[in-house]
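**Q** The chain contents come next:
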Amino acid sequence: MNGIIQNIFVFSSLTIAVVFLVRKFVWTPKKKTAKTCGINDCRCH
Amino acid sequence: MPKQINVALIGNPNTGKTSVFNALTGLNQKVGNYPGITVEKKEGVCKLPRGVKAHIIDLPGTYSLNASSLDESVVIELLLNKNDKDYPDVAVVITDVENLKRNLLIYTQIKDLEIPTILVINMSDRMAYKGISLDIEKLEAQLDTKIALISTRKKQGVDNLKDLISNYQNLSIEPCLSTQDIDIDYFKGLKKAFPNQSLYKLWLVITQDVNFGKISRNTIKDTSSFKTKKDSDLKRLQQKETIKRYQFINNVLKEGQTIDLKTAKDLRIKLDRILTHKVWGYLIFGIILLTIFQAIYDWSSVPMDFIDNAFASLSDWTKNTLPAGAFTNLLAEGIISGLGGIVIFIPQIAFLFLFIAVLEESGYMSRVVFLMDRIMRRFGLSGKSVVPLISGTACAIPAIMATRNIESWKERLITILVTPFTTCSARLPVYLIIISLVIPEGRFFGLSYQALTLMLLYLIGFGAAVGSAWILNKILKIKSRKFFVVEMPNYKLPLFKNVALTVLEKTKSFIFGAGKIILAISIVLWFLASYGPGTEFNNAEEIVTEQYASNNLSQIELEQKIASHKLEHSFIGIAGHAIEPAIRPLGYDWKIGIAIVSSFAAREVFVGTLATIYSVGSDQEATIKNRMAAEVNPILGGPLFNLASGISLLLFYAFAMQCMSTLAIVKRETNSWKWPILQLTIMTAIAYIVAFIAYQFLK
Chain D
0 MNGIIQNIFV FSSLTIAVVF LVRKFVWTPK KKTAKTCGIN DCRCH
Chain B
0 MPKQINVALI GNPNTGKTSV FNALTGLNQK VGNYPGITVE KKEGVCKLPR
50 GVKAHIIDLP GTYSLNASSL DESVVIELLL NKNDKDYPDV AVVITDVENL
100 KRNLLIYTQI KDLEIPTILV INMSDRMAYK GISLDIEKLE AQLDTKIALI
150 STRKKQGVDN LKDLISNYQN LSIEPCLSTQ DIDIDYFKGL KKAFPNQSLY
200 KLWLVITQDV NFGKISRNTI KDTSSFKTKK DSDLKRLQQK ETIKRYQFIN
250 NVLKEGQTID LKTAKDLRIK LDRILTHKVW GYLIFGIILL TIFQAIYDWS
300 SVPMDFIDNA FASLSDWTKN TLPAGAFTNL LAEGIISGLG GIVIFIPQIA
350 FLFLFIAVLE ESGYMSRVVF LMDRIMRRFG LSGKSVVPLI SGTACAIPAI
400 MATRNIESWK ERLITILVTP FTTCSARLPV YLIIISLVIP EGRFFGLSYQ
450 ALTLMLLYLI GFGAAVGSAW ILNKILKIKS RKFFVVEMPN YKLPLFKNVA
500 LTVLEKTKSF IFGAGKIILA ISIVLWFLAS YGPGTEFNNA EEIVTEQYAS
550 NNLSQIELEQ KIASHKLEHS FIGIAGHAIE PAIRPLGYDW KIGIAIVSSF
600 AAREVFVGTL ATIYSVGSDQ EATIKNRMAA EVNPILGGPL FNLASGISLL
650 LFYAFAMQCM STLAIVKRET NSWKWPILQL TIMTAIAYIV AFIAYQFLK
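Chains D and B, in that order, give the protein sequences. Mapped onto numbering that gives the first Met the number 0, the consecutive letters of the first sequence carry residue numbers 0 to 44. Mapped onto numbering that gives the first Met the number 0, the consecutive letters of the second sequence carry residue numbers 0 to 698.
Bear in mind the hints are in silico, worked out from the structure with no lab data behind them. Cβ atoms here follow ideal geometry from the backbone N, Cα and C, with glycine treated the same way. Be careful, since some hints might not be right.
With a straight-line Cα cutoff of 30 Å, these simulated DSS-like cross-link-like pairs (lysine-lysine) come out [said to hold, decoys possible]: (1) 100/B x 23/D; (2) 23/D x 243/B; (3) 40/B x 23/D; (4) 23/D x 84/B; (5) 100/B x 200/B; (6) 507/B x 40/B; (7) 41/B x 318/B; (8) 243/B x 191/B; (9) 269/B x 129/B; (10) 161/B x 129/B; (11) 269/B x 23/D; (12) 200/B x 23/D; (13) 673/B x 23/D.
Facing chain D, according to a computed beta carbon distance under 8 Å, are these residues of chain B, among others [claimed, not checked]: (14) 279; (15) 282; (16) 325; (17) 329; (18) 519.
Label pairs and their computed distance ranges (CB to CB) [as the list claims (entries may be wrong)]: (19) 7/D x 443/B: 25 to 31 Å; (20) 26/D x 226/B: 31 to 37 Å; (21) 26/D x 250/B: 56 to 62 Å; (22) 24/D x 530/B: 46 to 52 Å.
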């Protein structure tokens, strides 16, 4: 019984860790980008 | 009056804006980014009289509302957008008592946006030194606002400022300059086309290409009843506007400010003469750097040993106390060991940030920028490139963002490309652990060999950055204008509160930013090291017992053999063996290979990974350093971490890019994948070649 519970915790932790890493480095939700920074071309457009 | 109001702190760089922010908010502050861009956003809460709360935003330092960088455009976009949740109910413009004339330009512009504006004259404690006296009543009358004369250093005037903020509704919103003074006909036409809009806001929309409400630059251009001007004509009008504003400011200061140069006592010139001297300046800078690295080693050794032992004991305690099983092993061998590998470096990182904060706060950093400009120019960089290169010792990401104030695109691009060579704090854990394993503890003229090695690595990083900048300057054919303007703030004794908050904030973001990634990677690595496919892994006990049946091994020795066999045939062991042929010429085994690959997420993961891999199956309470020192080279015998492999690893990390987030930020700042990919390829190739040569030469 203890073994099963411990394994459930292990696989849950693993799933959370993998999802976190994928969201962090592979798939990140797109955010709105800044529009402009003046009429001088500072190459941030 | 609303229960919570928005207050924007605005001002030129070096006016003590952050000190005012810290004085108002204390520890009730947080740092983030503006949505979608990498400009730092500092906000906090301040309690005002009568139970009102002020939500304070510390906006990026800007000289005027004529934006030439992304940082400055953040200020304008907020001030023009009434629908923004952070749109200020009141603007607080921070000025420095010694630079009132220049600092007042932005005040007049913000006042013209019809936002209630309070003027803060900071650093009032320096008035006597400089022979400055102010007639606040006259200034208030001329500038049509309320003034708070404060000294954050002496903690004077902050309560008065809070009172003024809470009474912001009584402030006048009359503009300082009439737009008619710029060009009567042009603004008459504009007024006719947009009768219900603020003319100054429309003017900013036209000249800065920002939007407010539904009005954009194109909307104005497309309006048939109004004809806008060419860019060159608009520039001329902008210049006229600035001249008019300075005329207004001159008149104000003639009435309200007197400067008696006879009573001024100034050490600044004398100090500048020494600190920016062509010989003494560099010598002093070198001595300061040497002191910093020595201090990082000497001061942090005690807390580091304590943390290392505490984590080893915690891991042991967890294993002995919790019920035996997979999750207990994950906690003891994966999570605690992995986190221990990063927490141990808090003291050293805090000391590094402490020194950087003190140098910046004291005004010395600007002298370094000026001093280094002479050298930097020869390598195609600007004096301003020194700030990113020094900030790079903390983290390459803010350092690359700090290149935005470099005016020339070519110099900026080169700085972006070479900054990742500088030794960031994420490299520090790797360096420290390897140095402690392979460099002896002796001293040379009172300086430890280990501290000297660390300083040498920093110099290698800096040298690589400057050297590659020189090459890039020759190769890149980009035409751009070059000029160098730097403001030299006055020397100040650093404020303890500012330094402490900076150290706290930077260390926190390092630990929590990297900590989450390390925690997740530790879990994944532990899983990959504790599970494996096939009979070799699943029947490890039978295979090893049978293999060593005639060797009379003790129970502990046999268990270690089984753990080692399992690790070698686990998922991570199989992956490690697959990459081993590529890294063996550098003196690394498959375990180091795995640590290098996983540290591409963040360099400091290297130590956490090794801590996790070496912990798996280990029943002994041991520190990370002891575990690494005990590793044996599987082919040559002897310690795996010896001088040859250690130096090879140090040099590999000195040159390798090894940071996903830096790649992402380079892509964002250059607006192209071309530069980050080129950067990654070249840096990895250099790292591999240098590490290969070092190992083959020293082995």
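**Q** If a hint holds in the structure, say so; if it does not, say that too.
**A** Consistency of the hints with the structure:
1. 100/B x 23/D: With Cα atoms ~47 Å apart, residue 100/B and residue 23/D exceed 30 Å; violated.
2. 23/D x 243/B: Since the Cα atoms of residue 23/D and residue 243/B sit roughly 50 Å apart, the hinted pair is violated (cutoff 30 Å).
3. 40/B x 23/D: The given pair, whose Cα atoms are some 21 Å apart, holds under the 30 Å limit.
4. 23/D x 84/B: Since the Cα atoms of residue 23/D and residue 84/B sit roughly 27 Å apart, the hinted pair holds (cutoff 30 Å).
5. 100/B x 200/B: 23 Å, holds
6. 507/B x 40/B: 16 Å, holds
7. 41/B x 318/B: 42 Å, violated
8. 243/B x 191/B: The hint holds at about 24 Å.
9. 269/B x 129/B: Holds, because 15 Å separates the two Cα atoms, which is no more than 30 Å.
10. 161/B x 129/B: With Cα atoms ~27 Å apart, residue 161/B and residue 129/B stay inside 30 Å; holds.
11. 269/B x 23/D: 51 Å, violated
12. 200/B x 23/D: Outside the cut-off at roughly 39 Å; violated.
13. 673/B x 23/D: 22 Å, holds
14. 279: 36 Å, violated
15. 282: Violated: closest Cβ of chain D sits about 37 Å from residue 282/B, beyond 8 Å.
16. 325: OK, holds: residue 325/B within 8 Å of chain D, min 5 Å.
17. 329: For residue 329/B, the interface hint holds, since the closest Cβ of chain D sits about 5 Å away, which is under 8 Å.
18. 519: Since the shortest Cβ distance to chain D is 4 Å, the answer is holds.
19. 7/D x 443/B: 25 to 31 Å: Since the Cβ atoms of residue 7/D and residue 443/B sit about 56 Å apart, the hinted range of 25 to 31 Å is violated.
20. 26/D x 226/B: 31 to 37 Å: Violated, since residue 26/D and residue 226/B (Cβ atoms, about 48 Å apart) do not stay within the stated range.
21. 26/D x 250/B: 56 to 62 Å: Holds, since residue 26/D and residue 250/B (Cβ atoms, about 59 Å apart) stay within the stated range.
22. 24/D x 530/B: 46 to 52 Å: 23 Å, violated
The structure shown violates the earlier hints numbered 1, 2, 7, 11, 12, 14, 15, 19, 20, 22.
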